[in-house]
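Trainee: Top line first, the protein sequences correspond to chains A and B. Just so you know, the first sequence maps onto residues 0 to 336 in numbering that gives the first Met the number 0. Just so you know, the second sequence maps onto residues 0 to 336 in numbering that gives the first Met the number 0.
Think of the hints as simulated: they come from the structure by calculation, not from any bench. One thing to keep in mind: the hints can contain errors.
When the alpha-carbon atoms are kept at most 30 Å apart in a straight line, the in silico DSBU-like pairs for lysine-lysine are as follows [as the list claims (entries may be wrong)]:
1) A/LYS22 - B/LYS333
2) B/LYS301 - A/LYS22
3) B/LYS1 - B/LYS54
4) A/LYS301 - B/LYS111
5) B/LYS32 - A/LYS333
6) B/LYS333 - B/LYS240
7) A/LYS301 - B/LYS301
Number of protein chains: 2
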Amino acid sequence: MKIVILGFGAVGQGVARVISMKKDYLRSKYGLKPQIVAVCDHSGAAIKEEGLDEKLLLETKTEKGKISLYPSYGAPGVDSLQVLEDVEYDCLVEVTPTDIDDGEPARSHILKAMEDGKDVVTSNKGPLALSFQELGDCAGKNGVELKFEACVGGAMPIINFAHETLAGCNIESIYGILNGTTNYILSRMANEGSSYEQTLQEAQEMGIAETNPYQDVEGIDAACKIVIMANSILNLPVTLKDVDVEGISRITSESIALAKKEGMLIKLIGEASPDALEVSPRLVRQGSPFAVEGTLNVATLKTDLADDVTVVGKGAGSVETASAILSDIVSIWKIRK
Amino acid sequence: MKIVILGFGAVGQGVARVISMKKDYLRSKYGLKPQIVAVCDHSGAAIKEEGLDEKLLLETKTEKGKISLYPSYGAPGVDSLQVLEDVEYDCLVEVTPTDIDDGEPARSHILKAMEDGKDVVTSNKGPLALSFQELGDCAGKNGVELKFEACVGGAMPIINFAHETLAGCNIESIYGILNGTTNYILSRMANEGSSYEQTLQEAQEMGIAETNPYQDVEGIDAACKIVIMANSILNLPVTLKDVDVEGISRITSESIALAKKEGMLIKLIGEASPDALEVSPRLVRQGSPFAVEGTLNVATLKTDLADDVTVVGKGAGSVETASAILSDIVSIWKIRK
């Protein structure tokens, strides 16, 4: 399977790393031989029809900062759409940074690949949160797969779980902690009695919160994930603007202490159902599956037969997110082979 | 798909109920038309080539106590092996009561069906805990499917999750709360400071613990599940006698209170890895995915790429367990159609 990777930040590098790590496993277990035939970053591309070397890709990026400096096969200034036009491949891995205003450039990459009859795996929330139905229709029309497990909680594989493992159940609603940064901040506030501002600053110093934490702490990131799950699991044709969003920046240590006295915790919860599409701080009970701490993500599916089923996993991390992309690649391979 | 159900207690009746509930869904989503062509209980059988009526099956059992009194198609005294010999069917649903001494009669039912080239779905832990490898070999030799999601935590679908959803990951170990009765008892002891004996008695009065609670409270039920997961997820050829088992009957309210002071809980934990096969009471941290209360089950898979991934769900319940059986039926259908 010939793969093009667009975007070579933490997730793109994670994908190269896991493909390198799992070559023997994939070949022996599934007969799958993934070949990375092109990689793009802001500097240009590295392109090799017979497959680039994953370790050399990672070395080039780490040591030289630009993928276009890949020995002999670097292509400075060649842009992503050009690569999709010129290179022969089977599957696009779209892992450029998320943009939630217009979803670009990921949206154009994904549409171009699908219109050319290629399967797509992405971790990019932007295009899906803004125009899920358009992308889904395009995939259907062109008979290609569009997979996006990595968009919703890196290593909390809730989407494929809903479609594959719960095949006999109808899923009625989704409820979850969908953002690791806010869960980390709220957990530390609860355990240490510290203020929101102080805890956020410490989380930034530790690299858990970003320098500009707006999308995380104001619930936008969680809202994107709720939109993607609402569309793909509940078949609700909604977009980001349909979500009522409230973040955690106004939560005080006093309100957390008060909740704690009653055996409760405050968590930033996303909910999707035919009646509600919302991200907001809510009380959860100690001892419930939602009482998890740290950067963990958790999502509960309310089903008609199995009652509530919950998945807990790491919400972020380069290799963890890449593992979701790899699972998507494997499931495409199972269909295509 | 023609289905024979052996055993018509809570789980068997749940299967009839979910098939009845989900007929339209299964037909429109998967093109699957399940037909129950025979059902056996201790009294005999009900057999009808064109398919028995699910509601009439449930009515007959509830009102008359014997499935052999099914109108016009009852067959008093006809036993299970005879049914498997005489009836034309595609898939056996084996849901007779679990026996952990010799696994019978389920073991003979399952072997007979597989040797006749039929697929099997079971919720029966006995045969799998005692002779997983033999049954797996028999399935392989006869080219049939043997599925058993319902054996391990009714509505906590960890086995198919491991095989399908985490397709790109290697799973290194399994760790979980695998018995709802003991989790319920330990949760109440922690919340109320009550003694083991008193809490067990109340759980029995509520129907959460059985009259003879030995297999639950002494960890045998959890050990069976650990054996099944070790075989099917970790490929370890172990049986029940390989598990070190310690139950919860010697846990005092004092030790639980002491743990609680340090932000810990005592839970009955099962572990399977290449180095350990064990069920025993252990300390878990408040705020971890293992701090769940009530009758919930939880299992964590330690993976090479996605770190720890956890599934939480109801461990028991007629319809919940039947939902796992239905998911197995659907996945067999996807292979066969």
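Trainee: If a hint holds in the structure, say so; if it doesn't, say that too.
Mentor: Right, here's what the structure says about each hint:
1. A/LYS22 - B/LYS333: holds, 28 Å
2. B/LYS301 - A/LYS22: Since the Cα atoms of B/LYS301 and A/LYS22 sit roughly 20 Å apart, the hinted pair holds (cutoff 30 Å).
3. B/LYS1 - B/LYS54: holds, 17 Å
4. A/LYS301 - B/LYS111: Answer violated: A/LYS301 to B/LYS111 is near 38 Å, above 30 Å.
5. B/LYS32 - A/LYS333: With Cα atoms ~25 Å apart, B/LYS32 and A/LYS333 stay inside 30 Å; holds.
6. B/LYS333 - B/LYS240: Violated - the C-alpha atoms of B/LYS240 and B/LYS333 are around 35 Å apart, more than 30 Å.
7. A/LYS301 - B/LYS301: holds, 25 Å
Violated hints for the displayed structure, listed by number in ascending order: 4 and 6.
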